[in-house]
Amino acid sequence: MTSTALQAADVVVPASRDEAVAAFGDGSGVTVLGGGTILMPEINYGRLRPARVVLLQNAGLSGLRRNGSSLTIGAMTTVAELEQAPEPLATAARHVADHEVRAQATLGGNLCAPPGETPRGDLQAALIALGATVRSAGKDGEREEPVEDFVARGPNGRLVLEIELEAPQRAGYASARRPHAHAYTILAACTAETSTGVRVGITGAGPHGLRARSVEQALAGGASSAEAAQKVLDDGEPHDDALASAWYRQRLLPVIVRRALDHLEGGK
Amino acid sequence: MRVTVNGVQHDVHSPPLASLLYALREELDITSPKAGCQQGGCGACTVLVDGEPRRSCLLPLAALDGTSITTVEGLGAPDELSPMQAAFDEQYAAQCGFCTSGFVLAATALVDRNPNPSREDILEGLSGHVCRCTGYVKIVNAVEAAAKGDIHPEHVEPSFEPEEAEVLIPGSPA
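If you're matching them up, the sequences are chains A and B in order. Residue numbers 3 to 270, in the numbering used here, belong to the letters of the first sequence in order. Residue numbers 1401 to 1574, in the numbering used here, belong to the letters of the second sequence in order.
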């Protein structure tokens, strides 16, 4: 089996949120290890040889906390725990990988998933639809920003601490999957309705999760779900990968978005 | 770094970012967890960590200080199989055997959390495990049998007593 030349790695295991923030510093030269489901394969195969690792498992960053009408979810909360979160996040979480991987993979890792040969970060569509904000630490201290901005910029130099969201009045989910050992999702669309309207998030139509603003605007202007869903082609950038061709994604994307809009349910 | 494996405490000296799989196989010589894909996709390296099924290839040793690991060697003994092991044996649920230890451990944990699983529950619960001999029907049968306690260890006692063999040499007079 693959040998691991890792003697040199300096592994820090912070015991609190403050220790984690201090150990991360400005993030330069630091590899953050959460659940390990994304980084351990890289380490096993020698593609990643980190010099300094911050291992977050004891940093007290996990769990769901109700805070008035909003919900705070720690970065180290596992995907399995998110199956108890508000929709459409719970359904998106149930569609990630398999029982063992969901028990180990974390919310923070999903937000920081690097764009790879196959789409990862399956929770991003749900978090974007829910209007979640990401609180992170780094060079200029802590900051909060919309999740779609965080995933667009990428995690460089930022340590994800927690997200905050409010449960919507109604939520919808639709996805296309391919039977495969890893059960990757080709495309997923999530919808969430609040008093301010419907928000739409998509994954699998670009290097990270995207907010489908054109669809939201069409809906606000009175378009039907089928008409609004067609607008998603202005938001997404369907690509080729091992799971599906750009040609296929281009045709599937409006269908998945329409299903997620028609699936809006729950609440009122 | 100290872990308990199948009830025995070990001081482990592999590097902190080496996987649990690496430490079990290369340092402790426990080879039932198989190094299949080493990226979390095949399930063959699955072990129980504090009773929960986990991919040992995805766990860095640094995350495991003080934990208790169970491999199939810790479930039963050759003359006293665990119910899940006995069911896999009786139902012919192992072909080449490479995926079997992962399946047996994940299925043991599945039946612990859901003592009366439907076939759909079993397929969903074990979806992270692949059998490239494609022997899934018999694997699911075995998990169902173990959950129902439908195990008859007394009738699978192969005898290895050599009997007087009749030797036939082609071409020689009968």
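Rather than coming from a laboratory, the hints here were simulated on the basis of the structure. Glycine residues also receive a C-beta, built at the ideal position from the N, C-alpha and C atoms. Hints may contain errors.
Unchecked claim - Some, not all, of what chain A presents toward chain B, calculated at C-beta under 8 Å:
id: 1; residue: Ser-18
id: 2; residue: Val-23
id: 3; residue: Gly-38
id: 4; residue: Gln-106
To be verified - Residues from chain A that face chain B, not an exhaustive set, calculated with beta carbons under 8 Å:
id: 5; residue: Ala-11
id: 6; residue: Asp-100
id: 7; residue: Leu-254
Here's how the hints hold up against the structure:
Proximity of A/Ser-18 to chain B is violated relative to the hint, the smallest CB-CB distance being about 17 Å (cut-off 8 Å). Interface hint status for A/Val-23: violated, as the beta-carbon distance to the closest one in chain B is roughly 20 Å, over 8 Å. The beta carbon of A/Gly-38 is positioned within 8 Å of a beta carbon in chain B (closest approach about 5 Å), and the interface hint is therefore held. Against a cut-off of 8 Å between C-beta atoms, the interface hint on A/Gln-106 holds, since the closest Cβ of chain B lies about 6 Å away.
Of the supplied interface hints, the one on A/Ala-11 holds, with its beta-carbon coming within about 5 Å of a beta-carbon of chain B, less than 8 Å. A hinted interface residue such as A/Asp-100 counts as satisfied when its beta carbon comes closer than 8 Å to some beta carbon of chain B; here the least separation is about 3 Å, so the hint holds. Given the 8 Å rule on beta carbons, the hint for A/Leu-254 is violated: about 23 Å separates it from the nearest Cβ of chain B.
Taken one by one, the earlier hints fail for this structure at numbers 1, 2, 7, listed in ascending order.
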